[in-house]
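Participant: Chain order of the listed sequences is A and R.
Numbering-wise, the working numbering puts 501 at position 97 of the first sequence, and it's gapless, one number per residue.
Numbering-wise, the working numbering puts 151 at position 48 of the second sequence, and it's gapless, one number per residue.
Calculated directly from the structure, the hints in this document are not laboratory data.
One should not assume that every hint holds.
Quick list of simulated restraints, FRET-style, between CB atoms [what the hints assert, rightly or not]:
1. 421(A) with 214(R): 40 to 46 Å
2. 211(R) with 418(A): 44 to 50 Å
3. 458(A) with 160(R): 34 to 40 Å
4. 148(R) with 448(A): 15 to 21 Å
5. 170(R) with 474(A): 31 to 37 Å
Note that the coordinates shown come from a computational prediction; the quantities given were computed from them, not determined experimentally.
In this text, a Cβ means the ideal position worked out from N, Cα and C, and glycines have one as well.
Given next are the chains, with one letter for each unit.
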Amino acid sequence: KAGVTQTPRYLIKTRGQQVTLSCSPISGHRSVSWYQQTPGQGLQFLFEYFSETQRNKGNFPGRFSGRQFSNSRSEMNVSTLELGDSALYLCASSLVLGGSRTEAFFGQGTRLTVV
Amino acid sequence: TQLLEQSPQFLSIQEGENLTVYCNSSSVFSSLQWYRQEPGEGPVLLVTVVTGGEVKKLKRLTFQFGDARKDSSLHITAAQPGDTGLYLCAVSGAGSYQLTFGKGTKLSVIP
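Bound-form chain A, shown alone (with noise of 0.2 Å):
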């Protein structure tokens, strides 16, 4: 079965602009959760939505924000871009089982570099 797909794969901006992200989880999985990566902080968990529904949210300003389709895609949305968001952008699905979650499947990232 495909994978978690995330587009695009690549993306430069300039500080100041905005950008939009885009996650389609593995067919069936309804919850996705989105992920910063950067050589200094390591992972750091952004928020996670299910049905629609912002679930959890990590400790990241509010130009962070995100949105998730009836069809479990999801995007993630940053605004006023800093150079300090240069960073790779991780997309994990996962299934949702009796209020469970089972293992998290990531996509292959977003690495956005801004100038």
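Based on the hints, put chain R in the right spot on chain A.
Facilitator: Frame of chain A, contents of chain R only:
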């Protein structure tokens, strides 16, 4: 303060050598996961350990969960160049689906 401390941060070894990497915390966890991330890819789950003292084997990889469920180790026997990658440990938050990761051990296996 990092919830999960991984050591060493970097490791470069020759093919055929053995190695152990560690994941430590002062907190107790109900379970702990190990992932491997290769360059240009997302992390891939290797194993989940649940019971204190549990040992799981995956081919040449041996994972152990500490008796007190505060720490874990990953031992690789006869490392191969294909083992090269970033090894991450992670735990789930209580009552949430959030994964908290250590900063990882970057392993290079030289042919």
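Participant: Evaluate each hint against the coordinates.
Facilitator: Structure-based check of all given hints:
no.: 1; hint: 421(A) with 214(R): 40 to 46 Å; in the structure: holds (43 Å)
no.: 2; hint: 211(R) with 418(A): 44 to 50 Å; in the structure: violated (35 Å)
no.: 3; hint: 458(A) with 160(R): 34 to 40 Å; in the structure: holds (39 Å)
no.: 4; hint: 148(R) with 448(A): 15 to 21 Å; in the structure: holds (18 Å)
no.: 5; hint: 170(R) with 474(A): 31 to 37 Å; in the structure: violated (46 Å)
Going down the numbered hints, you'll see the structure goes against 2, 5, while the others check out.
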